[in-house]
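Student: Please model the entire structure based on the sequences and the hints provided.
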Amino acid sequence: DAKTTQPNSMESNEEEPVHLPCNHSTISGTDYIHWYRQLPSQGPEYVIHGLTSNVNNRMASLAIAEDRKSSTLILHRATLRDAAVYYCILNYPGGSEKLVFGKGTKLTVNP
Amino acid sequence: DAGVIQSPRHEVTEMGQEVTLRCKPISGHNSLFWYRQTMMRGLELLIYFNNNVPIDDSGMPEDRFSAKMPNASFSTLKIQPSEPRDSAVYFCASSFSDLAKNIQYFGAGTRLSVL
Chain P
231 DAKTTQPNSM ESNEEEPVHL PCNHSTISGT DYIHWYRQLP SQGPEYVIHG
281 LTSNVNNRMA SLAIAEDRKS STLILHRATL RDAAVYYCIL NYPGGSEKLV
331 FGKGTKLTVN P
Chain G
633 DAGVIQSPRH EVTEMGQEVT LRCKPISGHN SLFWYRQTMM RGLELLIYFN
683 NNVPIDDSGM PEDRFSAKMP NASFSTLKIQ PSEPRDSAVY FCASSFSDLA
733 KNIQYFGAGT RLSVL
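One line per chain: the protein sequences are P and G, in this order. Here the first sequence is numbered in the working numbering, starting from 231 and rising by one per residue. Here the second sequence is numbered in the working numbering, starting from 633 and rising by one per residue.
Just a few of them, taken from the derived set where beta-carbon distance is under 8 Å, the chain P residues facing chain G:
#	residue
1	Gln272
2	Pro274
3	Asn321
4	Glu327
5	Phe331
Keep in mind that the hints were calculated from the coordinates and are not lab data. Where is the CB? At the ideal position from N, CA and C, for every residue including glycine.
Tutor: If you want it as C-alpha cells, here you go:
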C-alpha cells in the first residue's frame with residue numbers, strides 16, 4: 231500500500247480556514263486520495279475524495295498537487311465541531327477495498 | 633437511513649468468556665468491514681466481506697477471532713476465548729462497492745473491556 235505522511239497535530243482558531251497537508255510521494259496513477267475524520271468517541275466518517283482535479287463538497291475542499299505527490303484538505307471556516315483526527319488514505323478502486331488508516335492529524339480548534 | 637448499527641455499544645466480560653459483536657450494514661451495501669482501534673495500534677482492518685463472502689481476513693489476529701456474514705443484513709465478530717489484550721473499540725463499516733468511490737460508512741463502535 232502506498233503510504234501517506236501527515237503532521238501529528240495542528241491547531242486552528244474557530245471560524246478561520248484550516249489547511250491539512252498530506253504527502254503521498256509514492257502514489258500510483260490509479261490511486262484515489264480519500265480523507266476521513268474521526269470525532270471524539272465516534273467512528274470515522276468520510277469527508278471527501280479525489281483523483282486528479284480539486285474537489286469541493288459541503289464539508290470541505292480537496293486540493294491536489296499537479297504531480298499528485300501531495301494534497302491538502304481545506305476546511306473553509308473551522309468550527310469547534312471540526313475538532314477531530316483527520317486521516318489521508320490512498321486507495322486503488324480496482325484492487326482491494328481495504329482502507330489503511332495511519333495515525334492521522336489531530337486538529338484542535340480553539341474558541 | 634439508520635446507518636450502520638452495531639450492538640452492543642459497550643461490553644464488559646471476563647477473560648476466557650466468549651464475546652459476540654453484531655453489525656447491521658446499511659441496506660443495499662454489499663461490502664462489510666470489521667476494524668479494531670487501540671491506542672497502541674490505531675485503527676486496523678480485521679476482515680472484510682463482499683457479497684457476504686470473506687475477501688481479506690489477513691488482519692484477524694489469531695484463531696480466537698472469527699467473523700461471519702450469513703446474509704446481506706447481518707454480520708458477527710466472535711472472540712472465543714477472550715483475553716485482556718482484546719480490549720479495544722471494534723467498528724463495523726459498510727460500503728457499496730464502486731470502482732470510483734469505495735466510501736465506507738462506520739458504525740458507532742463497540743467498546744470491549746476484557747477483565
